[in-house]
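K.L.:
Let the hints inform the model, and build the full structure from the sequences given.
One-letter residues, chain by chain:
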Amino acid sequence: GQQVMQIPQYQHVQEGEDFTTYCNSSTTLSNIQWYKQRPGGHPVFLIQLVKSGEVKKQKRLTFQFGEAKKNSSLHITATQTTDVGTYFCAGRNNDMRFGAGTRLTVKP
Amino acid sequence: DAGVIQSPRHEVTEMGQEVTLRCKPISGHDYLFWYRQTMMRGLELLIYFNNNVPIDDSGMPEDRFSAKMPNASFSTLKIQPSEPRDSAVYFCASSPQSTEAFFGQGTRLTVV
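Protein sequence lines, in the order shown, are assigned to chains A and B. With the first letter of the first sequence counted as 1, position 79 gets the number 80 in the working numbering; the numbers rise by one all the way through. With the first letter of the second sequence counted as 1, position 44 gets the number 54 in the working numbering; the numbers rise by one all the way through.
Bear in mind the hints are in silico, worked out from the structure with no lab data behind them. A hint or two may mislead.
Pair by pair, the computed Cβ-Cβ distance ranges are [as the list claims (entries may be wrong)]:
#1 P106(B) / T106(A): 25 to 35 Å
#2 T82(A) / E28(B): 37 to 47 Å
#3 M25(B) / G54(A): 30 to 40 Å
#4 S31(A) / M50(B): 38 to 48 Å
#5 D40(B) / R39(A): 45 to 55 Å
#6 D19(A) / K88(B): 37 to 47 Å
#7 I48(A) / Q27(B): 25 to 35 Å
#8 V51(A) / S68(B): 17 to 27 Å
#9 R39(A) / F84(B): 19 to 29 Å
#10 I15(B) / T83(A): 19 to 29 Å
#11 V14(A) / T30(B): 40 to 50 Å
#12 T78(A) / E28(B): 19 to 29 Å
From the derived model, a few chain B residues whose C-beta atoms are all more than 10 Å from chain A [as the list claims (entries may be wrong)]:
#13 A12
#14 E24
#15 R32
#16 L55
#17 N60
#18 F75
#19 S76
#20 F84
#21 T86
#22 P91
#23 R95
#24 A103
#25 P106
#26 T109
Beta carbons: idealized from backbone N, C-alpha and C, even for Gly.
P.N.:
If you want it as structure tokens, here you go:
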């Protein structure tokens, strides 16, 4: 079945540094979604990418979907302490399977 | 809409007891997912329903786990008998078609 791999598992940055997490699927995806989970909270939807090669931006966050629709990345420019949390990608066909997540900590 | 509602928020039970987790999805959503989250295994998809019908339960770890969706507004996940290794946070999520999924607050289960 579909498997979604995500790296790195952890990332610790100084405030102001950039951050990137990568996601790879074993199968072609109809779309990929990104979620953020704050400590003690539940996953919250950030964005969905559908088209091959698609790039979307939300303020300091840039999301990319690979040409083959099997990989994706999330890049945060100039991290802030409010960015702390775990970022998950989720491969969506009919089911929705999550990567292991990347836990981001930001040192002020 | 109040969002996806899960109950209870916390459950502490003794090994061997039956545990029932409940979920009320957002009205009009076609898909309902049950996930289990642990530090070791991350967010695992246990089962999902489409229009109240179970589509894929391959993630259900053992026969001790069962899930039902008797109608569009209610689903249960049951563990019988419970074991300490079942301790985790269980999330329910719903979505309309293959779009954004909305998660409940989760049920933190502790089996002692």
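K.L.:
Is it true that I15(B) and T83(A) lie within 19 to 29 Å of each other by Cβ?
P.N.:
holds, 27 Å
K.L.:
The hint says 40 to 50 Å between V14(A) and T30(B); measuring C-beta to C-beta, is that right?
P.N.:
holds, 42 Å
K.L.:
Is it correct that the beta-carbon of E24(B) has no partner in chain A closer than or equal to 10 Å?
P.N.:
holds, 25 Å
K.L.:
Minimum Cβ separation between F75(B) and chain A greater than 10 Å?
P.N.:
holds, 17 Å
K.L.:
Is the nearest Cβ of chain A still more than 10 Å from the Cβ of P106(B)?
P.N.:
Nearest chain A Cβ is 12 Å from P106(B), so the label holds.
K.L.:
A range of 38 to 48 Å was offered for this pair. Does it hold for the Cβ distance of S31(A) and M50(B)?
P.N.:
violated, 29 Å
K.L.:
Take a quick look at A103(B) and tell me if its Cβ sits farther than 10 Å from every Cβ on chain A, holds or violated.
P.N.:
violated, 8 Å
K.L.:
Does the Cβ distance between P106(B) and T106(A) fall inside 25 to 35 Å?
P.N.:
Distance hint for P106(B), T106(A) holds at roughly 34 Å.
K.L.:
Is the nearest Cβ of chain A still more than 10 Å from the Cβ of T86(B)?
P.N.:
holds, 19 Å
K.L.:
Any Cβ of chain A at or closer than 10 Å to T109(B), or is the non-interface label fine?
P.N.:
violated, 7 Å
K.L.:
Does the no-contact call for R95(B) survive, Cβ to all of chain A over 10 Å?
P.N.:
holds, 19 Å
K.L.:
Measuring from beta carbon to beta carbon, are T78(A) and E28(B) in 19 to 29 Å?
P.N.:
Violated, at about 50 Å.
In terms of the numbered hints stated before, the structure departs from hints 3, 4, 5, 7, 12, 16, 17, 24 and 26, listed from lowest to highest.
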